[in-house]
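**Student:** Okay, here's what each chain looks like letter by letter:
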Amino acid sequence: MQSMFWAIAGLSAIPFAFAGEFFMLGLGLASLLLALATCLLAIGVLWRRRWARRWVIALEITCLIGSLLLLLLPIGANHGPVALMTNVVLPIVVFLLLRKPRHETSLGESNLAQSGGASAA
Amino acid sequence: MFDIATGHAIGLFAGLLALPLAELFLRFQSGWRKVSGTVQAAAVLMATSGVVHLALIGHHIRTEPITAFLFLVNGLAFIGLAATVRWRRWRLASASLLVATILGYLVYIGFGLEGPDQVGVATKLVELAALGLVLVPVRGEPRNSHRGSRWAALGVALPFLTVMTASTAWVVDLARPDARHVHAGALLQATNALPTQVQQDAANRLYAETKATILPYQDSRKALAAGYRPGGPSNMPSTHWMNQAYVDAGYVMDPRRPQGLVYANTKHGPVLLGAMFQMKNLGQFGPDPGGPLTAWHQHQNICFTPFGFEFSFMTPFATCPIGAIDISAPPMLHVWIVDNPKGGPFAVDIDDEVVKAIVKA
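For the record, the sequence lines run as chains C and D. Sequential numbering from 928 applies to the first sequence in this note's numbering. Sequential numbering from 5 applies to the second sequence in this note's numbering.
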């Protein structure tokens, strides 16, 4: 979902580049690349790659710090429920789900398997 | 889109209350501990969405009974599914209901039956997350759990619905702004509907005094000497020149000291289009002597980047391109000294055609 949010943000910058804001083209492309990288990291997490987990945690912490700064600084940043969900709650949830290697399967693994009731692993 | 519609706040409060309660009570259903964490999380989110729908019935029941009925059915279905996670057809039913609910919302806002607001978009975010959790396969599931088709559905449905939700909300918001959002990102000051004669006279005075002050700045060198500096890209049709000393001083609509000037960028040099008054603080609209003629506006939810001082609009999911931050600009009022037939001398924007004609000339 974060990957898609960044992809949408990247695409949203492109029309402004066509209108003459050329730096927005760079930011849009950078956002699309970030979206791609996030998607690849998500696949890495799914495949239980440790490097992916570390990168995702770093990314979420960076996002969270940036979002909290935006919320605290008096620059008129949006404080609505959607902004809080996307920029604060989502990074916190992803961070919490990935923070401990031993518990990394708590959400992503069937309790049927954990209790020995699954027919296939 | 970035406001909470009147009467929808109750949905937000109900949802916030429902989340911990759903987490608390759903675990009492039989078989809860035997399903995966993704299913549990999806059930909690679906129960939350269901409660939001039920809470909004009261707001809609008198004016939109069909909508209220659909909310009732939708809310009960979500809560019912959240309470029956061990049902054999649970995933199919949940995914179908979530997709139908999201598409139904898009149809509703697309046809103008409801405007996109923060409660609506936030609820769709919850439902999109729930849909992902319903579909995503996890380790240890039985073999006949249709993992392949669920991955395929997840890979198609979630990106498609996320992009559709964002683009529909955005298009609707741009195409049908409410009365106080004259164009994307600009909130207009609330005023009386029609100007009185006193307000008309006051607006004429403000226009005359401001025009007299800024006419010398038709020579942009004089503007530079007075402390005005261009901001933003110079390849755009027009550029705002700001006087930081006047901004910092906080003069309030002083015709002798406008905080900004607006120039058209022509090949012969800058051509003065008008002046701009700006308040010092966010949310603090200035005096409004001309009533609806001189309503101030505040730019909100714009993505600003220090690279070239450029702007774009924040997406419905409250994200900006990387390298840009979400800001609002303090309220401002333009005074156009060139003919602006579409909006008049105090319009939020100057007509593009006017600027193009000046640039070509």
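Check each hint, because a few of them may be wrong.
As the list claims (entries may be wrong) - Pulled a few chain C residues facing chain D out of the computed Cβ check, cut under 10 Å: (1) A957; (2) G971; (3) V1009; (4) L1024.
Honestly, the hints are just simulated from the structure, not real lab data. Predicted model, so just to flag it, every value in this text is computed and none were measured. We put the beta carbon where it would ideally sit given N, CA and C, even for glycine.
**Student:** All the hints need checking, so say for each whether the structure fits it.
**Tutor:** Going down the list of hints, with the structure as the test:
1. Below 10 Å, beta-carbon pairs count as interface contacts, and A957 (chain C) has one with chain D at about 5 Å; its hint therefore holds.
2. The restraint placing G971 (chain C) at the interface with chain D is violated, with a minimum CB-CB distance near 16 Å, outside the 10 Å limit.
3. Proximity of V1009 (chain C) to chain D holds as hinted, the smallest CB-CB distance being about 5 Å (cut-off 10 Å).
4. With 10 Å as the threshold, the beta carbon of L1024 (chain C) comes within range of chain D, its nearest partner Cβ sitting at about 9 Å, so the hint holds.
Hint compliance for this structure: hint 2 alone is broken.
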